[in-house]
Amino acid sequence: MATTDETVLQVENLTKIYGRELQLGSRKVGRRIVAVDDASFSVKKGEIFGFLGPNGAGKTTAIRSILGYLTIKSGTIKINGLDYQKDSLQIRQNIGYIPGDVTLYSNFTGKELINYFNKFRPTDVTFLKKLRKIFKVDLSLKIRSLSSGNRQQAAIIVALASNPNFLILDEPSSGLDPLMAARFHNLLREMRNQGKTIFLSSHDLAEVQAICDRVGIIRKGKIIVVEAVKELRRKSMQRLNVEFMKGETPNIDAIKAIPNVISVEKMDGTFQIRVKEDVNNLLKLVTSQRIKRMTLEDSSLEEIFLEYYKDEFDRLKEE
Amino acid sequence: MLTIYKKQLQKTWLFWTVPIALLVAMALLLIWIWPDYEPIMKQFETVLEDNPVFAALLGEGTLDLGISSFEGFASVEMFMVADIVFMALILLFGTMSIAREADSGTLDIILSYPVPRWEFLLEKLLAFITLTLSFPILVWGVIHVGAVSLSVDFNSEAFLLALLGKWIVYMVFACITLLCSVIFMETTKTLSSAGLIVGGSWIFERFGGLIRAASEETADILQGVSLFHYLDGGAVLNKLINNGDFPVDELILILTIGIAVLLAALFLFQKREFTYI
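Going line by line, the protein sequences match chains A and B.
According to the working numbering, the first sequence is numbered sequentially starting from 1.
According to the working numbering, the second sequence is numbered sequentially starting from 1001.
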């Protein structure tokens, strides 16, 4: 990993509000939406930073603010020490951006698009050759004639053709088949190892877990956690799967009574025990009986994510 | 430099020039039928003089210029159709330049590259100006060559200036629709607002001419607020042929409005945020 202490993106106390609410007598008119609320995080050079949150959490607003498309109410955004608005042109010399639900000029071929954008940000010919080997899309065809997956591949090639130092990717692998997605992930890892910085917003938690070094989780516009993926998994719940020998009758009540134990479930003869932080007391109790099989796993990012969104998840289940 | 301009020329020339080609074809037709029409138009002019309402329906100033002259005949036909064609082109230009790019998401991509926003807008407008300049040049060229070859008595220079004046008005309208596009950044709202301004302006001018016989004052008010009233093709031709004067005051007014609107659009586009909610 090529991560250094050099900060590429620094977001401090970012607040973005859409709309306005006016008080007319006793009536409130208009609508005010706090899309991003006092968000702070940083992305270091040479890391892949995952930005997680469900639809409407404020991910795209944060990305659009970073790109200077939106005017923020308060806070600062700096990219390589440069102000996101004042130095916008200079910043954009070295940013590759793939928006969610990407649309390219449909009457252009892939090659024409690359040549067109090359005038604004020169193409790295060697890197372009590499991209064309990885992605199998025919760039001589008009964009309108490509399937959605191939359009996505073309968008990736076009955005990365200049081999930019900082990538902002909003759901970049949506539409890619699993093979192409895996190739794309390898490419991102390789770019990261070469010192490129990648800011990746995604719904695909497996993708984030597989390639990101750190993640930031956003909820209702607020950043609720920023942590290294490994650390986050280590600090979060662990799952102990235990299958007892025949004849053994584990004391479930005693297990549940251990303070760190969150839940105990039995599935197909195996007990799944969720435990947070210290597992020693649990292990002592469980191993007091004869065990056929036992594994201890960290939570997946998906479980961690659902943990942060537990109340909303529960509400959805009730509905 | 001028990358967007060149791309616009390359990718949109056919779209913008086909309607203009139709106007050129119409110019060819006008010059071709003129020898047969010339004797009838004298009688028609007499009919119009006796019935000013008919003349008003054809457009104000028809009688001043005289429809029995080739300039009069060509200007009445050409400018009426050109107004309709250009109204459609102008609305499409304004909508496609910004609002449609914002709607489709391509604006987000192009502006993630180091392109100043004002330059993006200006180069698009310049491409439209370049392509539509074919209207006065080609129509004049066709009519000029036709008139010379058929030995038709025709004030070529006056007709060119009238065409250019009209085209300048169209370009000012293009700036107005661009401003609407920048303000709303949405296809439907841009089309509605720009359509209201452009279409309303045309209706005011035509309706003003129609009711002049009934109320001079109302006609002046209606036409005074309509940009179509200024540098009007027939009126410019009339002034040039009868007095030899080009309405410079109208040109200055129209250019001032156009430049002010364009600067407002460039400034707003540079400063505004791209919110789609």
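No lab work stands behind these hints: they were computed from the structure.
Keep in mind the model is a prediction, meaning the values are calculated, not measured.
Here a beta-carbon is modelled for each residue, glycine too, at the ideal position from N, C-alpha and C.
The reader is advised that the hints may include incorrect statements.
[To be verified] Example chain B residues on the side facing chain A (calculated, C-beta under 7 Å, incomplete):
# : residue
1 : THR1003
2 : TYR1005
3 : LYS1007
4 : VAL1115
5 : GLU1119
Verification of the hints:
Because the closest C-beta pair between B/THR1003 and chain A is about 4 Å apart, less than 7 Å, the hint holds. Below 7 Å, beta-carbon pairs count as interface contacts, and B/TYR1005 has none with chain A, the closest being about 11 Å; its hint is therefore violated. For the restraint placing B/LYS1007 at the interface with chain A, the shortest Cβ-Cβ distance is roughly 6 Å, inside the 7 Å limit, so the hint holds. The beta carbon of B/VAL1115 is positioned within 7 Å of a beta carbon in chain A (closest approach about 6 Å), and the interface hint is therefore held.
Because the smallest distance between the Cβ of B/GLU1119 and any Cβ of chain A comes to about 10 Å, over 7 Å, the interface hint for this residue is violated.
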